[in-house]
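The hints should help you fit chains F and E onto chain B, whose structure is shown.
Here are the chains, one letter per residue:
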Amino acid sequence: MPKGIIETVVARHRKDRTRLLDIVRDVREELGRITPEDTALIAASLGVSTIEVEGVVTFYHFFGNEAAGTYAVYLNTNIVAAMKGSTAIKAVFEKAAGVPFGNVTPDGRIGLHETSCIGMNDQEPSAIINGTIFTRLTPAKAKALVTAMEAGKDIRKLAVPLGDGANASKVVRSMVHNNIRRKGPVLFAPFRSGSALKKAASLSPEDVIAEVKRANLLGRGGAGFPTGLKWEFCRREKGQPHYVVCNADEGEPGTFKDRVILTEMPHLLFEGMALAGYAIGASEGVLYLRGEYAYLKPHLEKVLAGMRRKKWLGTGIAGKRGFTFDIAVMLGAGAYICGEESALIESAQGNRGEPRDRPPFPVQNGYFGKPTTVNNVETLCAAARILAKGADWFKTLGTPRSAGTKVLSVSGDCKKPGVYEVPFGLSVASLLAMAGGGDARAVQVGGPSGACIPRAQFERAIAFEDLATGGSVIVFGPERDLFEVVRNFMDFFVEESCGWCTPCRVGNVLLKRELEKIMAGKGTVRDLEEIEAWGKMIKATSRCGLGQTSPNPILTTLQNFREMYMAKVDAGRAFISEFDLEEAIRPAVAVTGQKPAGHAAEADHE
Amino acid sequence: MSKPVIATASLAGCFGCHMSILDIDERILQLVELVEFNKSPIDDIKTFTKPVDIGLIEGGCCNSENVENLRSFRANCKILISVGECAIMGGLPAMRNGIPIRECLEEAYFHTPTIDPADPRIMPHDEELPVILDRVYPNHEIVPVDYYLPGCPPSADLIWKALVALLEGKPLDLSYGLIKFD
Amino acid sequence: MSNIIKITIDGRECTARPGQTVLEAAAANGIYIPSLCRFEGLKPAGSCRVCTVRVGGRYQASCTFPVSEGMAVESAVPDLEDMRKAIVEMLFVEGNHMCPTCEKSGNCELQALAYRFRMLVPRFPYLFPKKAVEPAGSKLLMEQNRCIKCLRCATGIRTKDNKKVFGPLHRSVEKKLFVDPALASALPERWARKAMDRCPVGCILRKEVGFAVPVGRRKYDKAPIGSDIEKPRS
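Chains as they are written, first to last, in the numbering used here: chain B, 14 to 619; chain F, 3 to 184; chain E, -5 to 228.
No lab work stands behind these hints: they were computed from the structure. Any given hint could be a false lead.
Claimed, not checked - Selected chain E positions facing chain B (Cβ under 8 Å, derived; list incomplete): (1) Gly24; (2) Tyr26; (3) Cys42; (4) Ser166; (5) Val167.
The beta-carbon is built from N, C-alpha and C at its ideal position, and this holds for glycine as well.
Only chain B is shown next, with the shape it has when bound in the complex (with noise of 0.2 Å):
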C-alpha cells in the first residue's frame, strides 16, 4: 500500500523535512512513480502543506515526471551528443519503445526522457537508466537494451563492458572510462593517504589558512574567488557550528572532470574537505553529488567508510586532540542551478534549489543559516596537495597570477576527449594539438556560459586573467553549424532556469526566439541589434550566475563570429514578418474544408 510504504520511508528519514529530497527519491524508487496523491501522503507525513512537498517534486527533472517508467531512460540531447549521434540513438529507442520522447509506453514500463548534460561528454551519446549509465551507445545496443526492458531484465547486467580504473570495481561496476589523457601533479599524480591531514594537523588552522593563500588557490568553479580568504572569512564567524559543503553538482554542459576525481581520487578530496573543516572550525561535512553521479555513492560512501577506519575521519583525526570531522554525501536530482551554491544550499536543506539573495554570503549564512564554505571538488583536492607539498612547491606551477593545475573536460570535434590536467597558462591551441583538435573552427571555453572563441584567439591562454574556465572545454571542428550549437545551449538555459526572477525566466525564452527567427532567415540588421541588447540587459538585471552568463553564447559568437549573423539577415530590409498566411490558414482548412480563394490566395500574392 502506498501509504504503509511512504509512512516508512518518511520514518527512516526520522520524519526530517530537511531530507525531503532523499524522501521523494526512495519512495519514488519504490512505488515507481510520484502522483499527486503520493505527494500528499509525503505532505501529511511530514506535517507540511502538499504545496510545499509538490514544489520540490516539480522542481527537479528527475522527480518532476509523474510517471517515469519502470525504466525510466534519461538520454542525454546536449550538443557534443547531438554531434556523436544521440539524434540517431534517439529515434531507435522510440521505434523500438512505440513511444515519443516525453512518454512512457502504455504498459507503464519504459518511460523516454530527454535530459541535459550528465556529464559523459567524452562518451557520447550516453544515457542514465534508473540510476546504470549507459555511454557510447549504438543503434544495436538501444535496440538491445529495450528488448532487455521489455523482457524486464536487470539493466545493470547490460551496463558492458566496464569502464576502465575504479569503474570497474566491484562496487562501482560501470561502463563510464575515466579517459584521462594527461595527469598532472595537483589532481592525478600519486597521494598518500593521510599525508595532507598529518601537515594539517600539525599547524594551527591560522596557518592552514595562511598557506592556503600563501599558495594563491583560486577557486576552480569559475569565478575564482581566493580560497584561504573564503575560509577566513568563515573561520571568523561567530555562529555555530560551521560547514563544509563541497559542490560536486559540476552541470555546467561539457564538464566532466569532477566526474573523474571522484572515482579515482575521493580520498585527496575527502582530506581536503577535512582540513578545511579544521581551517574554518567546522566538525561536519556535505559532500553535494548530482543525481546523475548517484552511481558513484557507493564507492564514496565505501572509501568514507576506509578512511574512518584509519582515523581519517571521525574524532581525534591524525591523532589530534578535537580535530573531529566527518562527511555526508548528499544527491541533487537533476537541476543545473543547484551547482551555484546558495541554490545547493537550499536544496541539500530539502529545498527547491533557488539560489538567495546575497549578501549575507554563505560563509555568514549558508548551511541551516550557519557560517559554511562551498568550495569546487578540484579546489579542496588542490588544498589537499598545497597542505601536503607545501605552498612553495604549488606556486612552481602556472602562472604567477593563477597558481597550480587545471583539470579540463575536453570533448567534441577532437580525437582524444577525456581529462587533462594542465598548468595555468596554456594556450588553446597547445591544448587542442593535446587532444587531437588542431582544425577546429572554434572552441567554447568554460562551457555554455563561457565564451566561444575563434581560430584568431586560439593563441590565448587559460588562466584567470584570460580565459578562466569551470574547465569545460568544447572543440567545433570545420563543418559545425555554430547555430546550432547556439541553439541548444539557449534550449539548455531556458530549461534550466530557476524561474525565480523575470529578465532569466523570461527574457532567456525571449533571446531563444530571436535567435531562431534570425536563423530562419527572418532576421533584419535591428534583429541583431535588438538580441544584443536584450542580451546585455538580461546579464545585467538577472539574480543570479545563471541569468548573468545565460547570453553568453548569443553575446560571444556575435562579437567573435558576426560574418555567421550578417549572412544569416536581410541586410537591406527594416522589416521581415514571421507571419505565414498559408501556414495560419492551414489548420481552420482542415477543420471546414473551405477551399482557401479568394481572401486568402489574393492576399498573399501581394
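Only chains F and E this time, still in chain B's reference frame:
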C-alpha cells in the same frame, strides 16, 4: 496645399475604437477642417482612391480578410497606427490563442447553447468566407506599424492629441492618465 | 544602533539607517525606486528585478541590497529606466494580460508601472502561453494568465500553524504559483481577502468579488504609482 488624408479600418475589433474617434465631440468639426477622410467606415468609402497619410487600424488579425485589409492599408498609408488593445496585442479575440482551432469552431457552431439540437451540425465553409487564422495576431507581427495608441478603447483625448501632434509634426505629450489599457 | 549612514542616490545626498535596503532608504528620503514584487511588511523576494539600481558599477536589486556608508547609487538614469521598462514589458508578453477584462485593472501594480513608464507596446513579441483559470480551494480563484511570479502570496500567506498556503511549482517559464487546496479553503475570510489584495495583479481573486471600485476612482486612475513617495527636489 491639399489636406492630409486619413483612412480607418476595423479588423478583429468591436468598433469601440471608432466610437471613441467620434467621441472627440465638437472637435470633429475641427478635424474635418484639418483633414480629408478616405477609405473608412465613417464615410463609407470602400476602396482607397488616393494615397493616404495616416491609417488608423482598430482590431488585430483573426482571419484572412483582416490580413488582406491590413496589408492594403500598409501599402496605401504613409503612417500606420495601431489603435486600441486588439490592434496592439490581439485583445479579447486573442483569448482564443492557445485553444486549438477545431475546438473553437466546434464550440461556436456545434455546441453553443443557441443551436437547436434538431438542426444539422454545419461548419461554415463557403469559399467566399474569410478563413479564420490559427490564432489572433497583433498587427505589428504582420506589417510594420509606426505608432500605437493603447486603450479599450483609447480615450477620445488620446486619439485627438495624437492626431494633432502628427499633423503639426510635434511630439505627443503623454501626460499621466492619457494612456489606459482598459 | 543609532548611527546614521550617508549615501547618495543619483547624486542626491540621503541619510539611511544601518540594515535598511537601498529601496527603503530611498523611500525614506522621498525618492521612489519603482518596484513590483516587494510588499511592505513582507520579506522581499527580489524576483521581479524592476527595482534594479547600479552601485559601484554593479547591478543590484535595491529591495534586497543593504545600504552601506558612502554608497553611491544610480537609479533614475536612462539605461536603468529602460531596463525597468523592459522587465515590465517582459511580464506583459509572458502572460496574457487582457486588461479590459481584468478585475484588478486600475488597481494593478503591473499596469500602473506600465503607465508610469509610458509603455505603448512591449518591444518583445507576445508569447500567448496557454494558461487556465483555476479554482484554488473554495474561496479563491487563480487566473494563471495574469500571474507574474512575484512570490508575495508564497511569502505572505500562511496558516496559523505556519504552513505555506501558496507556493511555486515547476521551474523555468513553466513555473507557476498554486495552493494547497485544503488549506486555501480553510483560510479565514480576512486572509482570503488579504491574499487577493496582496496579489499585485489580478491573479488571486476572491470568488464573487470584483469591479467594486468604479473607473475614475481606482488607485492608479489619477496619479502614477510611487507618487505618494516622491518628493520634489528641494
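How the hints compare with the structure:
1. Gly24: With Cβ-Cβ at 25 Å, over 8 Å, it is violated.
2. Tyr26: Since chain B brings no Cβ nearer than about 18 Å to tyrosine 26 of chain E, farther than 8 Å, the hint is violated.
3. Cys42: holds (5 Å)
4. Ser166: With a closest approach of 5 Å, the serine 166 of chain E hint holds.
5. Val167: holds (5 Å)
The structure does not agree with the numbered hints 1, 2 stated previously, though it agrees with the rest.
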